[in-house]
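Peer 1: Sequence:
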Amino acid sequence: MDEGVAIVTGGGTGIGAAVVRRLAARGVRSVINYAHSRHEAEALAAEVANGSIAVQADIADDAACRALAKAATDTFGRLDFLVNNAGRTKHVQHEDLDGLDAADFVDIYRLNTIAAFQMVRACASAMREGAMSAVVNVASIAGLHGVGSSIAYAASKGAMLTMTQSLARVLAPAIRVNAVAPGYVGTSWFERSLGVEGKKKMDAGVAKRTPMAMAPQAEDIAGPIVMLLDPAARAITGETWRVDAGFHLDTGGSRRPGREG
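Counting in the working numbering, the sequence shown runs from 1 upward without gaps.
Fair warning: there could be bad hints in the mix.
[As the list claims (entries may be wrong)] Simulated DEER-style distance windows between Cβ atoms:
#1 Pro173 - Gly198: 45 to 51 angstroms
#2 Glu42 - Pro173: 35 to 41 angstroms
#3 Asp74 - Asp250: 47 to 53 angstroms
#4 His36 - Thr162: 42 to 48 angstroms
#5 Gly77 - Ser188: 29 to 35 angstroms
#6 Asp62 - Asp2: 16 to 22 angstroms
#7 Ala102 - Pro173: 37 to 43 angstroms
#8 Gly27 - Gln93: 44 to 50 angstroms
#9 Arg26 - Ala67: 25 to 31 angstroms
#10 Gln93 - Leu249: 22 to 28 angstroms
#11 Asp74 - Leu97: 28 to 34 angstroms
[As the list claims (entries may be wrong)] Result set (DSBU-like, lysine-lysine): computed pairs, CA atoms no more than 35 angstroms apart in a straight line:
#12 Lys208 - Lys90
#13 Lys200 - Lys70
#14 Lys90 - Lys70
#15 Lys90 - Lys201
#16 Lys208 - Lys70
None of these hints come from the bench; they were simulated from the model.
Here the structure is a predicted model, which is why all the values come from computation and not from measurement.
In this text, a Cβ means the ideal position worked out from N, Cα and C, and glycines have one as well.
Kindly produce the complete structure, drawing on both the sequences and the hints.
Peer 2: Following this line, the structure appears as structure tokens:
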């Protein structure tokens, strides 16, 4: 992978930003999508300095998805990769069944599941023209084990994983579609909500509970994403890679590794 064009949704911060940096190191230019993080997305485009651009779009809106795909082809004349990274959640204990209502499910599904589908649909025509096109959906171990920040979040990511298999089937052989399922990821969200010391304590607690004795960070998730995009992975489609530092090996996914969502 020494060239190509990618769209990374939610690309201005966290996992998305780490993906953009790794892609830039491989010669790939990115359309860095953001909904609200304009400063971060534009700063990232300037940082990688390879022609990548920042584009605002609320991908919950189908027309915005199509406009985002058009921005990629209008700017670069091609589109090879899509990383569906944008997502949202609501933190509600699973035992609190009254803590979620229908509107919560709709809002979470709209971005985590429906928007990902809309982005694939918007990009498919252009991606079929390439020789190495691939999609990676950023799901969660919540979708595999029914854990995480809320039942609605877990359900939305479970739906994303099923959708990954369906899309892999119908888009082959032109476009490969895979997913990654992170556990805890020490993004800036934890630092903003818990403070610097609070995040350090969270990381340390997670590290004690994983066989790899680590708390994965955004860069640790970006690596497998870029691996799945690489043409060297051309025989891999319809797969989900768990990226949880081995947490599932000791627990079977029955306990929550911090807040993975």
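Peer 1: Would you mind marking each hint as holding or not holding in the structure?
Peer 2: Hints, verified against the model:
1. Pro173 - Gly198: 45 to 51 angstroms: Taking Cβ atoms as reference, Pro173 and Gly198 lie about 47 angstroms apart, which means the hint holds.
2. Glu42 - Pro173: 35 to 41 angstroms: Holds: the Cβ-Cβ distance is about 37 angstroms, inside 35 to 41 angstroms.
3. Asp74 - Asp250: 47 to 53 angstroms: Given range 47 to 53 angstroms: holds, Cβ gap about 49 angstroms.
4. His36 - Thr162: 42 to 48 angstroms: Distance hint for His36, Thr162 is violated at roughly 29 angstroms.
5. Gly77 - Ser188: 29 to 35 angstroms: holds (34 angstroms)
6. Asp62 - Asp2: 16 to 22 angstroms: The hint (16 to 22 angstroms, Cβ to Cβ) is violated, given that Asp62 and Asp2 are roughly 33 angstroms apart.
7. Ala102 - Pro173: 37 to 43 angstroms: Given a distance of about 39 angstroms, which is inside 37 to 43 angstroms, the answer is holds.
8. Gly27 - Gln93: 44 to 50 angstroms: holds (45 angstroms)
9. Arg26 - Ala67: 25 to 31 angstroms: holds (26 angstroms)
10. Gln93 - Leu249: 22 to 28 angstroms: Since Gln93 and Leu249 have Cβ atoms about 25 angstroms apart, the given range 22 to 28 angstroms holds.
11. Asp74 - Leu97: 28 to 34 angstroms: violated (47 angstroms)
12. Lys208 - Lys90: Distance of about 26 angstroms is within 35 angstroms: holds.
13. Lys200 - Lys70: Between Lys200 and Lys70 the Cα gap is close to 41 angstroms, so the pair fails against 35 angstroms, i.e. violated.
14. Lys90 - Lys70: This hinted pair holds, its Cα atoms lying about 31 angstroms apart.
15. Lys90 - Lys201: Given that 35 angstroms is the threshold and the Cα spacing comes to 22 angstroms, the pair holds.
16. Lys208 - Lys70: Status violated; Cα separation ~46 angstroms.
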